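Listed below, chain by chain, are the residues.
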Amino acid sequence: MAGTPEKDAISGVETTGHEWDGIKELNNPLPRWWAIIFYLTIVWAAIYAIFMPAVPLFGGFTQGVLDWSSRGALSASMQEAVAEQKPYLDKIQSLSPAQIAGDRELAGFVQAGGKSAFLVNCSPCHGQGAQGSPGYPNLNDDAWIWGGTPEDINHTITYGIRNAHEESRQNVMAAYGRDGLLSPAEIDAVTEYVLSLSGRSGDPEAVEKGKPLFENNCVSCHREGGAGDTELGAPNLTDAIWLYGGSKAKIIETLTYGRAGMMPAWEGRLSDDTIKLLTVYVHALGGGQ
Amino acid sequence: MSQAPQRSALDVTAAQAAAEAGPADPEPAYRQDRPMETVPVETVPVETVEVEAVNKKEKRGSLYSKRVKIYPKLAHGRWRKIKWIVLAVTLGIYYLLPWVRWDRGPGQPDQAVLLDLPARRFYFFWLEIWPQEVYFLTGLLILSALALFLATALAGRVWCGYSCPQTVWTDLFIQVERLIEGDRAARIRLDKKPWSFDKLWRKTLKHAAWVAIGLLTGGAWVFYFADAPTLTAGLLAFDAPIVAYAFIAGLTFTTYWLGGHMREQVCTYMCPWPRIQAALFDEESLLVTYRDFRGEPRGPLHKNQLRKSKGDCIDCNQCVAVCPMGIDIRDGMQLECIQCALCIDACDRVMDKVGRPRGLIAYDTLPGVEAAARGGKRRLRPIRPRTILYGGSIAVVAGLMLAGLASRTSLDLNLLPDRNPLFVTLSNGDTRNNYTLKLINKSQLAHTYSLTVEGLPRARVSVLGSTTPQVAAPRDTIQAARIFIAAPTADLTSDLTDIALVLTDETGRRDRVGTVFRGPKK
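Residue numbers (our numbering), protein chains in the order written: chain A, 1 to 289; chain B, 1 to 522.
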């Protein structure tokens with residue numbers, strides 16, 4: 001490609017010498033504004049490489065004089081968020097769950113923070129809306145097995161139920177059938193009696209038969225008339241709420257095999273503040289006492 | 001034709017004039033009274049300007065050719081006066097409006113017009129617009145657009161010619177330039193001169209004045225977004241928000257650049273509006289028009305010569321010299337023409353001097369010009385389907401907005417039922433639904449609302465964090481409250497019952513918000 005560059009006959013502009021299917025490319029200069037911006041980007045790149053992490057090396061990269069990193073930026077913004085939360089958390093630390101529940105200023109923070117903690121830690125069992133499922137209590141309603149005051153809820157979340165923690169709430173619903181404490185016929189009679197407590201039995205004879213059996217075996221925990229006892233974690237048997245189902249078959253199942261649902265202790269896994277947030281959130285779901 | 005004998009009696013250089021004029025064309029009626037033809041002028045009262053339209057068809061070369069600098073001459077006359085008034089009024093409103101105060105009570109901003117972005121409020125005198133009511137602003141924009149359509153249909157590009165910010169600021173910048181560097185001829189001379197102290201100080205002063213105007217423009221802009229006196233103090237103490245400085249800098253630059261340097265190029269190349277407007281006016285629109293039937297054939301006026309068979313246009317180019325767009329109105333309607341009517345003023349002055357009636361260039365319609373050319377007259381038709389449509393649309397939109405404003409409530413309610421769980425069974429067998437009530441109290445008074453339910457007679461309402469079914473709403477706030485409604489399950493006839501929550505304030509005023517109450521499948 002020696003010699004003088006070829007000139008296009010029509011425009012009088014030099015060609016690049018490249019030809020594709022008879023089409024030649026004119027060697028027009030770049031637009032000046034474009035070229036200036038292009039050179040500026042080169043200058044910018046050089047400056048950027050000095051200040052910011054830029055050039056990959058074996059086993060690392062140049063750090064840049066500003067010492068910026070995306071990890072550092074993230075942790076800085078996390079710290080910022082923590083700093084913003086601090087006045088709220090300080091206040092929460094100094095207040096009891098009941099006081100927090102009554103504090104209008106904290107309401108928004110507690111609802112948002114409580115919901116977020118609930119979704120992460122509690123929703124796997126209790127459901128995203130705390131609606132529960134058989135064996136896992138619905139936290140929206142007004143029936144509380146272990147008590148529905150802020151203190152009760154806080155205790156339950158902190159130490160859990162029937163786990164290895166020494167402060168854990170403990171009780172036993174015996175397996176009357178499996179362990180041979182009651183015969184199937186007796187269990188059937190007790191079941192009819194239990195159904196009668198919420199006005200649902202259709203067999204007065206069986207109810208008569210079941211009453212003394214209930215008084216001998218059940219009243220110690222479930223109290224006179226099946227009213228339940230939150231101190232012992234014995235559910236109220238007269239209401240419309242059934243943790244494991246209130247049909248006759250389900251009640252027979254409960255009496256035969258017993259029930260021993262477990263809730264872990266959250267002490268040590270969650271901070272006291274988070275547990276307080278959860279307490280107030282659960283208390284505010286609608287059934288708190 | 002009664003003038004004919006008289007003319008021949010006075011004509012001393014008839015042969016010469018006839019030779020100049022070429023073949024004679026039939027005389028239309030309007031030429032009956034022609035002093036220029038009957039009495040040769042002793043002195044030519046009008047200077048002919050050496051100027052050529054920047055968009056001359058014959059000269060149009062490459063699309064990439066350099067801009068030809070325009071040196072608009074100062075016009076005098078009715079339209080120029082109107083333009084000065086519009087300039088003073090529009091810029092006055094723009095610069096001074098943020099300083100108008102409006103008392104809204106304690107703790108509220110007292111600026112009449114304020115777009116408070118952090119607080120998400122737009123204050124306009126007695127109105128306070130919340131973000132969800134931004135349709136009022138949309139309505140205002142629609143109204144403005146329709147008004148623009150109507151104005152264009154009636155009188156062409158009056159917006160461009162008189163009140164467009166680009167026109168107004170360019171006008172101001174040209175006037176500043178004129179005060180410092182002199183009028184057209186002086187400016188051309190100055191630009192051609194080599195650099196000297198005189199040229200240096202004039203140019204420096206001009207650019208400094210332009211930047212100062214730009215600074216005020218940008219400053220006025222930011223005052224619409226913050227309390228003007230507070231922000232001014234902050235700006236002067238250099239502790240105003242950085243964004244304020246950034247906007248002032250940006251607008252200073254754009255004002256300086258668009259008004260001082262870009263000028264007519266903004267209208268010709270950057271603005272989409274001229275293209276749109278071409279579709280908005282029709283042959284009945286009043287446009288700045290050169291009445292060619294009267295002006296042509298044009299030709300310069302010579303001393304001591306009889307002007308025979310020539311039109312009224314003496315080809316003095318005054319109309320081109322005053323044009324801020326640098327065009328020649330005699331070339332007909334053009335994309336570049338912003339219809340500022342300065343050529344009318346320039347030409348009227350010339351007509352006065354040469355003793356011809358004004359209006360060689362005037363606001364006229366196409367059929368109007370045609371009718372006049374035939375010696376007749378044509379009435380204007382401002383009321384025609386197009387203007388009725390635009391006017392009607394304006395009335396409809398304005399009516400809707402007024403109705404919206406009139407029925408604007410000071411309380412907005414939103415009641416959102418919980419989705420999960422849809423309902424809760426209580427220990428006594430009742431069914432409870434949970435709701436989030438969003439309550440926007442737009443009034444300047446605090447209210448306490450008592451809640452009751454319509455649609456379920458035995459329903460009970462409770463509010464989280466309150467012992468009574470009441471919600472307090474401080475003035476000018478959004479409140480969110482958790483509402484629990486419980487009802488005996490036996491009362492529910494289906495799994496979905498329509499109910500309404502009724503809010504009664506302390507004066508007994510009731511507001512209702514409809515919702516549903518869910519229960520077990522029946």
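To be clear, the hints were calculated from the coordinates, so they are not data collected in a lab. Remember, it's a predicted structure, so these values are computed and weren't measured experimentally. Treat each hint with caution, since some may be false.
Stated by the list, open to error - Under 10 Å between C-beta atoms, here's a sample of chain B residues computed to sit facing chain A:
| # | residue |
| --- | --- |
| 1 | S144 |
| 2 | R298 |
| 3 | H302 |
| 4 | D430 |
To be verified - A few chain A residues that don't get close to chain B, going by computed Cβ distances all over 12 Å:
| # | residue |
| --- | --- |
| 5 | A9 |
| 6 | W144 |
| 7 | R178 |
| 8 | D179 |
| 9 | G225 |
| 10 | A240 |
Unchecked claim - In the DSS-like style, the derived pairs of lysine-lysine whose C-alpha atoms are separated by at most 25 Å in a straight line are:
| # | chain 1 | residue 1 | chain 2 | residue 2 |
| --- | --- | --- | --- | --- |
| 11 | B | K66 | A | K250 |
| 12 | B | K353 | B | K203 |
| 13 | B | K66 | A | K248 |
| 14 | A | K248 | B | K192 |
Cβ atoms here follow ideal geometry from the backbone N, Cα and C, with glycine treated the same way.
### Task
Go through the numbered hints given earlier and state which of them the structure violates, listing their numbers in rising order.
The structure conflicts with hints 1, 2, 3, 6, 10, 11, 12, 13 and 14, although it agrees with all the remaining ones.
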